[in-house]
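Number of protein chains: 6
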Amino acid sequence: MKMFLPILFIFCLSFSASYASVQDFCVADLSMSDGPAGYPCKKVSGVSVDSFVYSGLGTAGNTTNIIKAAVTPAFVAQFPGVNGLGISAARLDLAVGGVIPMHTHPGASEILFIIEGTICAGFISSSANIVYFKTLNKGDIMIFPQGLLHFQINSGKGSALAFVSFSSPNPGLQILDFALFANNLPTELVTTTTFLDAAQVKKLKGVLGGTG
Amino acid sequence: MKMFLPILFIFCLSFSASYASVQDFCVADLSMSDGPAGYPCKKVSGVSVDSFVYSGLGTAGNTTNIIKAAVTPAFVAQFPGVNGLGISAARLDLAVGGVIPMHTHPGASEILFIIEGTICAGFISSSANIVYFKTLNKGDIMIFPQGLLHFQINSGKGSALAFVSFSSPNPGLQILDFALFANNLPTELVTTTTFLDAAQVKKLKGVLGGTG
Amino acid sequence: MKMFLPILFIFCLSFSASYASVQDFCVADLSMSDGPAGYPCKKVSGVSVDSFVYSGLGTAGNTTNIIKAAVTPAFVAQFPGVNGLGISAARLDLAVGGVIPMHTHPGASEILFIIEGTICAGFISSSANIVYFKTLNKGDIMIFPQGLLHFQINSGKGSALAFVSFSSPNPGLQILDFALFANNLPTELVTTTTFLDAAQVKKLKGVLGGTG
Amino acid sequence: MKMFLPILFIFCLSFSASYASVQDFCVADLSMSDGPAGYPCKKVSGVSVDSFVYSGLGTAGNTTNIIKAAVTPAFVAQFPGVNGLGISAARLDLAVGGVIPMHTHPGASEILFIIEGTICAGFISSSANIVYFKTLNKGDIMIFPQGLLHFQINSGKGSALAFVSFSSPNPGLQILDFALFANNLPTELVTTTTFLDAAQVKKLKGVLGGTG
Amino acid sequence: MKMFLPILFIFCLSFSASYASVQDFCVADLSMSDGPAGYPCKKVSGVSVDSFVYSGLGTAGNTTNIIKAAVTPAFVAQFPGVNGLGISAARLDLAVGGVIPMHTHPGASEILFIIEGTICAGFISSSANIVYFKTLNKGDIMIFPQGLLHFQINSGKGSALAFVSFSSPNPGLQILDFALFANNLPTELVTTTTFLDAAQVKKLKGVLGGTG
Amino acid sequence: MKMFLPILFIFCLSFSASYASVQDFCVADLSMSDGPAGYPCKKVSGVSVDSFVYSGLGTAGNTTNIIKAAVTPAFVAQFPGVNGLGISAARLDLAVGGVIPMHTHPGASEILFIIEGTICAGFISSSANIVYFKTLNKGDIMIFPQGLLHFQINSGKGSALAFVSFSSPNPGLQILDFALFANNLPTELVTTTTFLDAAQVKKLKGVLGGTG
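Residue numbers (full-length UniProt numbering), protein chains in the order written: chain A, 1 to 212; chain B, 1 to 212; chain C, 1 to 212; chain D, 1 to 212; chain E, 1 to 212; chain F, 1 to 212.
So here's chain A without its partners, still in its complex pose (with noise of 0.2 angstroms):
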């Protein structure tokens, strides 16, 4: 077989030539503009084993704040492999009486998945304003469908990790009370919007830093 050895490696060479521009992934250039797909890629020479691995998620995040919880993301902007391939993830951390707010993620769908502790999450339709809650605990998974409001509590004794996933390399993150409360919405658009009174909605306000 050593005899058609060099022909073979012709042919070997002339693929890899030819082949060179295949997209088999896509790495992110976080220092480009990015565009409605992604970011542009980086060229493949600077492309390492390592652009596909994130460890950040191997840390636990810091709960000593006012949600008592944390969310660790690993979406493009930290885990540029990512890029282009319809997914990134994040590590949730709730501390006893943890809590991830109201939120919604305007881009992606998720999953959760429950490493450790009991976790009460739960999302609510926009058809029917169906709110679908349940207890979970180590081992179970759950899906909140894109783009609707949903929450996580620790509701047990001890801490709680969560691992979760994400249906786009990008999903947004819109945390309802940092909507309203955080920025220089006026108060009175929250009130007329929202029905809530002005006096709590000055009061939370007060708590997030926002003005207006």
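Wrong hints could be hidden among the right ones.
No copy labels: a pair is met if it fits in one copy or bridges any two.
Stated by the list, open to error - Taking lysine to aspartate or glutamate and the EDC-like style, the derived pairs with C-alpha atoms no more than 20 angstroms apart in a straight line are:
#1 68 to 116
#2 134 to 116
#3 203 to 188
#4 43 to 29
#5 138 to 116
#6 157 to 197
#7 138 to 50
#8 68 to 197
#9 202 to 116
#10 134 to 188
#11 157 to 188
#12 68 to 188
#13 157 to 116
#14 134 to 50
Keep in mind that the hints were calculated from the coordinates and are not lab data.
Mind docking chains B, C, D, E and F on chain A? Use the hints.
Chains B, C, D, E and F only, in chain A's frame:
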């Protein structure tokens, strides 16, 4: 030219037959189960021009309600002709003082076209909780990106009318107050996930018919 | 509640930073090359509410022309805020006797909303060459499936106004007469591929400024 | 190695069962209604290799007709194996002087591969009415972007044969002359929307069997 | 505020009715035929929170088999709630020495999250046959681009556990050895298309229960 | 009709200007970085009909190699006109005894059209490891679903020629033997993940130039 007419005729007929199943459109058969991409298509023999025309947006919605406003949808459920075509529409009527409360469309971006009156409209980004809002006049259009919280308020002295279109036949509509206060989501879950005071939650549950 | 404000503040800031690149929207940077999915996004720092509002549809188009009609587009080139969001818009003005000639949008379906006047509109299916047309009045909407030949004619006694939206930021517009008669496509190629008489072709080339 | 065979066997069987519903392909069940994404899938038990092979393009189409040409499609209606796979095919036969008249595919881009003969092919852009056309020889391929008017003419001295493929299982085919002249679209609507003379319209309606 | 409660109530009810068909989610009705985009949706009345929760990943898979490993899927067939939502999940259990053999997912990219143990994982690019592999520890994640050959090996001293998610409700799984050696693909075809020796092929066919 | 020509001319010009950026096509600018959806578009001024025509498939590939076969691609890297259009092509030449070895296209389905000769072609499903293969003759077409292992063998007495098209401008090509034996993937990893004997692996690594 008369002489090759018979030959051509055969040609035409055979084409009609061959392409009878080409899918130019897919008028929804609402009697069947929908799927992730929409409803099964009606047979072409059951389709007429009226499948593609909808007159339900020609009548003003009833604004004699708490929000002094009405949304009249022409989504796939009302207007089966849009099934599978990536677009739908609605009409907004806002009486003096009327407001379309804070809401999201989980499945579509929206363009608002002001036909009459003056509307203050805005949305909140998830990236940095930035509020983008402006007073719009007749002829102005505004785009609301998919899944983000947004609102419209009649900020003029007369009634306002707008036409909206969506980038999906089935955009969804999640009105924040309905999601939080018009169902059986327990008050404790609302307060825990939104930091609203229980009294505020109970008050709005009372108004909106929610329980729990 | 004041006491945990500092902690929360840190929380907020870190979120702002972490999610700074989340893509809620992608306002087109028209100075850069577009790609198959649209234009690269402007940096958020260069985006304001005016990126999402367009007033160009507020002014009637000039109908003093051969078709007594005007199409005023708000596609991505005019309205960069729609980039990547799957939707765009336009305004149609039709003077008495005005007509939007037979045309297609290669990249989008269209919804027409009649604001004023009476319009006879229709499209032709490819499956069986069936013509679907109807006289539309104020408030009616009609859907035109992607890529099919369609037209709009002012069939009333006064001027007509319509708002249209498309299922793409960049729907394209191929006007049949322009495609056949307003360029340098040789007359012989036109007659061969359309069976029109050469005299007819040359006459319309004359009117529309075509050559060949 | 014999000893662990039983264990492995169990492993295999359980995999076969678990993944029985994985959708590698979705051969169209043409007896059911299609939807926006195509036809429901046949059960795998009803699928054989013949579901993925089509011999209908092996026979020359009948070119004894007015256009001296024939299009033999292998779209989903003829070749159910392409359902859901984003591709389909057809065969073009052009006798001496044959022409595939000006047409569009509303739902797909097309690649033309010349197997035999010489074909003058072209398309017209919508952006600027630019005509792109060229004489193609054996082995040449040409791409026609989705939804744009295009044509193919046998410009050689012998018959021509081409294979075409499309970026959709259901590309559609709207032949301009059939759309305008082979149905009951009233002559007045044709003249108004195309600026063609009534005499020209009536003449072609006569040839193509149109009425009105 | 009590006085306008009745009016509001009507408003709520009419919304519930109008939007009853809005598609927030599409829980698979597995009793019906699937299509290219997934299964038809169950009626909302048949949906409960249990449609969105799956506990099957909470139990370790049986690793008493030749590969000392198990894949427990939560694809649409096992977890109907993910239908149409662009995501699914699975659990990997690897005993000491366990291996998930070389395989592809024809329809999805994959993220692997190491919960316990040490896993050597890698994939091979098609562009230049480059191998990207690395030893992953607890908390690491790795992305495997769609359709590329990849593998996971327990390279630690204890058992390993990982959670994986996919960018499709139906990612597919083609295990190389099963495809080549566990069916009736004739040995001659295997040797011709893989250059493996016939003796090697026959040996593995023997182990895996293949014939031919 | 001459008299309104000037007015029309203005109309034409203004349209040309307004729609100059409409994206009918997006010829790849290969000098720029690609992204998840393809390459940035060349400016229209740099596009000619030659951007849409490719002659590289007109010449037989060199089959003087170990597989007695050649694949000549017209993917986006060779044929920039297909960028963003969802389709590409290639030519297969198989000398007597030639074979396109077991491979996958991670990003596209494929249609094979037999122009000359006799080819035995097949693919293996992932769902149940079912092999679908058949001997194809001139004029037959076969569809290979995305991402599945497949092969083509010249099973006739003369050379064979086929034209293939893909449902992506960038289908990718992962040849099994190259992936396993033509790179630096350590022999031990190959044997562990494929159950092949080390001798077999080393033998093929020798032939294909692999190391490790």
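Okay, the hints, checked on the actual structure:
In this assembly of identical chains, the alpha carbons of residue 68 and residue 116 lie at most 20 angstroms apart only when taken from the same copy (16 angstroms versus 25 angstroms across copies). Taking the shortest Cα distances, residue 134 and residue 116 sit within 20 angstroms of each other inside one copy (16 angstroms), while across copies they are farther apart (26 angstroms). Taking identical chains as interchangeable, the C-alpha atoms of residue 203 and residue 188 lie at most 20 angstroms apart whether they share a chain (14 angstroms) or sit on different chains (19 angstroms). Taking the shortest Cα distances, residue 43 and residue 29 sit within 20 angstroms of each other both inside one copy (9 angstroms) and across copies (15 angstroms).
In this assembly of identical chains, residue 138 and residue 116 lie within 20 angstroms of each other by CA distance both inside one copy and across copies; the values are 5 angstroms within and 14 angstroms between. With identical chains, the CA atoms of residue 157 and residue 197 are never at most 20 angstroms apart, being 34 angstroms at best within one copy and 24 angstroms at best between copies. In this homomeric assembly, residue 138 and residue 50 come within 20 angstroms of each other (Cα to Cα) only across copies, at 16 angstroms, whereas the closest approach inside a single copy is 30 angstroms. In this homomeric assembly, residue 68 and residue 197 come within 20 angstroms of each other (Cα to Cα) only across copies, at 19 angstroms, whereas the closest approach inside a single copy is 27 angstroms.
Neither within a single protomer nor between protomers do residue 202 and residue 116 lie at most 20 angstroms apart by alpha-carbon distance, with minima of 37 angstroms and 33 angstroms respectively. In this assembly of identical chains, residue 134 and residue 188 lie within 20 angstroms of each other by CA distance solely across copies; the values are 14 angstroms between and 36 angstroms within a copy. In this homomeric assembly, residue 157 and residue 188 come within 20 angstroms of each other (Cα to Cα) only across copies, at 18 angstroms, whereas the closest approach inside a single copy is 40 angstroms. Only between protomers do residue 68 and residue 188 lie at most 20 angstroms apart by alpha-carbon distance; the minimum there is 17 angstroms, versus 30 angstroms within a single protomer.
With identical chains, the CA atoms of residue 157 and residue 116 are at most 20 angstroms apart within one copy only, with a shortest distance of 11 angstroms there and 23 angstroms across copies. Proximity of residue 134 and residue 50 under a CA criterion of 20 angstroms is satisfied inter-copy only: 8 angstroms between copies versus 38 angstroms inside one chain copy.
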